[in-house]
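A.B. asks: Taken in order, these protein sequences are the chains called A and B.
Numbering follows this note's numbering, in which position 270 of the first sequence is assigned residue number 270; successive positions increment by one, without gaps.
Position in the second sequence (from 1) plus 1000 gives the number in this note's numbering.
To be clear, the hints were calculated from the coordinates, so they are not data collected in a lab.
Glycine included, every Cβ here is placed at the ideal spot set by N, Cα and C.
Treat the hints with care, as some may be off.
Here are the computed lysine-lysine pairs in the DSS-like style, where the Cα-Cα straight-line distance is at most 27 Å [what the hints assert, rightly or not]: (1) Lys297/A <-> Lys1110/B; (2) Lys1297/B <-> Lys1110/B; (3) Lys297/A <-> Lys1068/B; (4) Lys110/A <-> Lys1110/B; (5) Lys1297/B <-> Lys333/A; (6) Lys110/A <-> Lys333/A.
Footprint (simulated), chain B over chain A, 3 or more residues, beta carbon under 8 Å [to be verified]: (7) 7 to 15; (8) 159 to 171; (9) 230 to 243; (10) 264 to 278.
There are 2 protein chains.
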Amino acid sequence: MNGSVLILGGDGFCGWPTALHLSSQGYEVAIVDNLSRRRIDDRLGASSLTPIASIQERLAAWRSVTGKEIAFYGIDIAADYGRFRDVLADQRPGAIVHFAEQRSAPYSMKGTDEKNYTIDNNVRTTHHTLLAMVDLALDAHLVHLGTTGVYGYSTVDMMITEGYLDVVIPLDEGRSIRDTILYPTQPGSIYHLTKSLDQLFFQFYAQNDRLRITDLHQGIVWGTQTPETRRHPALVNRFDYDGDYGTVLNRFLVEAAIGYPLTVHGSGGQTRAFINIQDTARCIALALQNPPAAGEKPRIFNQLAETKRVRDLAEMIARMTGAEIAYVDNPRKEAAENELAMSNQSFRDLGLAPILLEEYLFTETIEIVGAYKDRIDPELIPAQSLWTTGHRPGVVTNRAGGRS
Amino acid sequence: MNGSVLILGGDGFCGWPTALHLSSQGYEVAIVDNLSRRRIDDRLGASSLTPIASIQERLAAWRSVTGKEIAFYGIDIAADYGRFRDVLADQRPGAIVHFAEQRSAPYSMKGTDEKNYTIDNNVRTTHHTLLAMVDLALDAHLVHLGTTGVYGYSTVDMMITEGYLDVVIPLDEGRSIRDTILYPTQPGSIYHLTKSLDQLFFQFYAQNDRLRITDLHQGIVWGTQTPETRRHPALVNRFDYDGDYGTVLNRFLVEAAIGYPLTVHGSGGQTRAFINIQDTARCIALALQNPPAAGEKPRIFNQLAETKRVRDLAEMIARMTGAEIAYVDNPRKEAAENELAMSNQSFRDLGLAPILLEEYLFTETIEIVGAYKDRIDPELIPAQSLWTTGHRPGVVTNRAGGRS
Chain A
1 MNGSVLILGG DGFCGWPTAL HLSSQGYEVA IVDNLSRRRI DDRLGASSLT PIASIQERLA
61 AWRSVTGKEI AFYGIDIAAD YGRFRDVLAD QRPGAIVHFA EQRSAPYSMK GTDEKNYTID
121 NNVRTTHHTL LAMVDLALDA HLVHLGTTGV YGYSTVDMMI TEGYLDVVIP LDEGRSIRDT
181 ILYPTQPGSI YHLTKSLDQL FFQFYAQNDR LRITDLHQGI VWGTQTPETR RHPALVNRFD
241 YDGDYGTVLN RFLVEAAIGY PLTVHGSGGQ TRAFINIQDT ARCIALALQN PPAAGEKPRI
301 FNQLAETKRV RDLAEMIARM TGAEIAYVDN PRKEAAENEL AMSNQSFRDL GLAPILLEEY
361 LFTETIEIVG AYKDRIDPEL IPAQSLWTTG HRPGVVTNRA GGRS
Chain B
1001 MNGSVLILGG DGFCGWPTAL HLSSQGYEVA IVDNLSRRRI DDRLGASSLT PIASIQERLA
1061 AWRSVTGKEI AFYGIDIAAD YGRFRDVLAD QRPGAIVHFA EQRSAPYSMK GTDEKNYTID
1121 NNVRTTHHTL LAMVDLALDA HLVHLGTTGV YGYSTVDMMI TEGYLDVVIP LDEGRSIRDT
1181 ILYPTQPGSI YHLTKSLDQL FFQFYAQNDR LRITDLHQGI VWGTQTPETR RHPALVNRFD
1241 YDGDYGTVLN RFLVEAAIGY PLTVHGSGGQ TRAFINIQDT ARCIALALQN PPAAGEKPRI
1301 FNQLAETKRV RDLAEMIARM TGAEIAYVDN PRKEAAENEL AMSNQSFRDL GLAPILLEEY
1361 LFTETIEIVG AYKDRIDPEL IPAQSLWTTG HRPGVVTNRA GGRS
């Protein structure tokens, strides 16, 4: 046995495979999820490329192949503090993994309602979790999923550290002091902003209430299946390729599969951090095995395997599939080109040997995009969210004559 | 004419005298307030030492003595984005002054409900304001009241700068870069935390949407009346002395008036920043006259007249009134002693010559505490909020035999 863990947002893209991975590792796992991600799909008229089963079917399938039970609580943590607190009081888990935030940057910038929803949901879910731990005097280890996007994409030639930064503060008369500060974040969307806000919540609650917190700033997750989700068709993980939730790599794979050019936003000079979904689950397990002590400031690890320039990624997939590349307007407000060097030393020190794009991307393409190609709806691919009203979105003309 | 200004939270302790001051200066003033501060008084069983009139009586009195109209909108900005947006769309003010946040640190730490309320109200009010400005393409100057408490009370011997900090970031191979960063805040309560969160909202919206924002980190406000509130009895400002909303100076004045010892929390070695309420209103007027340009990062000014050690303040009042001093447990989780040197250069450059405690405190004592002494309820004075469950509050024995 590995103790008990409550997974907030355990029905989502990262939460689900993590729940299965921890269950297979001997943790007693329970999931809290309001299934909001499925409802957002309904609103957007989008759906996972892979046909995902209901949470009940998922849990039944896991029981049938492993004999292990995962409990499920259908609670909206942001809206219903009381019921969430009751579950926590009843379970008193040794650890909590918090994925329960709206996680799409384009969705968070879509309009007033989506901005409000993202702030409300993400701020309240994080705060209710911290508050319930204090309220119940629950000495659990809280592991939270942040994003590498909080750092902002600097054009400065420096290695981005893990959550904290050593600085020298010049004073008068030639004096100076050294300090280690929370990395000064420059979030680029409402979604990323919520993860910066989360950092301040964690700093406060670790200091005031001695909560034990690990915050994982994760890169863009790619890949779909893990050893656990492959064990039964009803365990399959989601694969999003719509303009809001589909990240750049998925968009390229889907475009290649249906003979579209790969739509690169702007010059493709943006460098991003990436990690495979299997490593997401492994990193969470590593973080759980290495909790901070009470009174320690929050541990912040960068959770990424590698950084890649978007156009290099497009070229890699073009070589692999024969697809063409189309450069379209960038809907985001960001620098056209940026370097990105980011430390992942903490997880490497804990033994992570991550899966790299070069070696595994072809498997992903065949296993998912090849298998479910017939389910692709080309209308869903273009990004529709504008960061500001002065921008135009990166829409590629639908050659079949649809919208432009 | 000085343009139009919408004052969010214009019925409160700082908002009300600011509304009158700006009205007297020729601004067309409108107030949005949900009157939450009055309802919190009801819940706490507390009330202002000065008998404050209803908002309707206040506005009628102002009209009667000046002939000037101030419009009032009874809207809960946090709860009702739609109605707030409608007012903003209708008014399209040239400036917005944002006081509409729960502003007591002890209240924000009282319990789960108060923590949740403070986060929800303060985060949503700030975000709804920013969002409505973007939504309506309203190029107004937003002036927000922050707190000097965001900086944390450092024991380091350095002058706290105004919102930003120049740092040197050491890199490898002896290289280093210079940067100006948002001051790394260390808020000490949920209330203070919300003002740190606000800073990140402002950074994002100034960068992404080119909103023009001035954030004023204000010290502890003391004093009650201003030239405008003295013009009619129904215009009198609030004076809070209860354990939640009464700040240290008011507590001392009330204790002295009823023959109690002045209750100093801990050693009284805490140094705090102070400003008189008349200067609050003047500083807002100065900020309004000096707006940032679109695209500029938020201007952050420290709004304080002076810093004082709490026990020095107690001794000053003891000398003035003959009161004794009692040292009681500190309910807050903070360093026993701290230095505090804080720049107020921006407002001095704009011409502020602030009122100092030494020269004006005696007037305040006679004018307010002397005049309304009979309304003092000694039961309300002690602080009741604990920062963590390991602390005991700073309760002084009620010599009349009440609770201890």
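A.B. asks: Which earlier hints turn out false for this structure, listed by number in ascending order?
C.D. replies: Failing hints, ascending: 2, 3, 4, 7, 9, 10.
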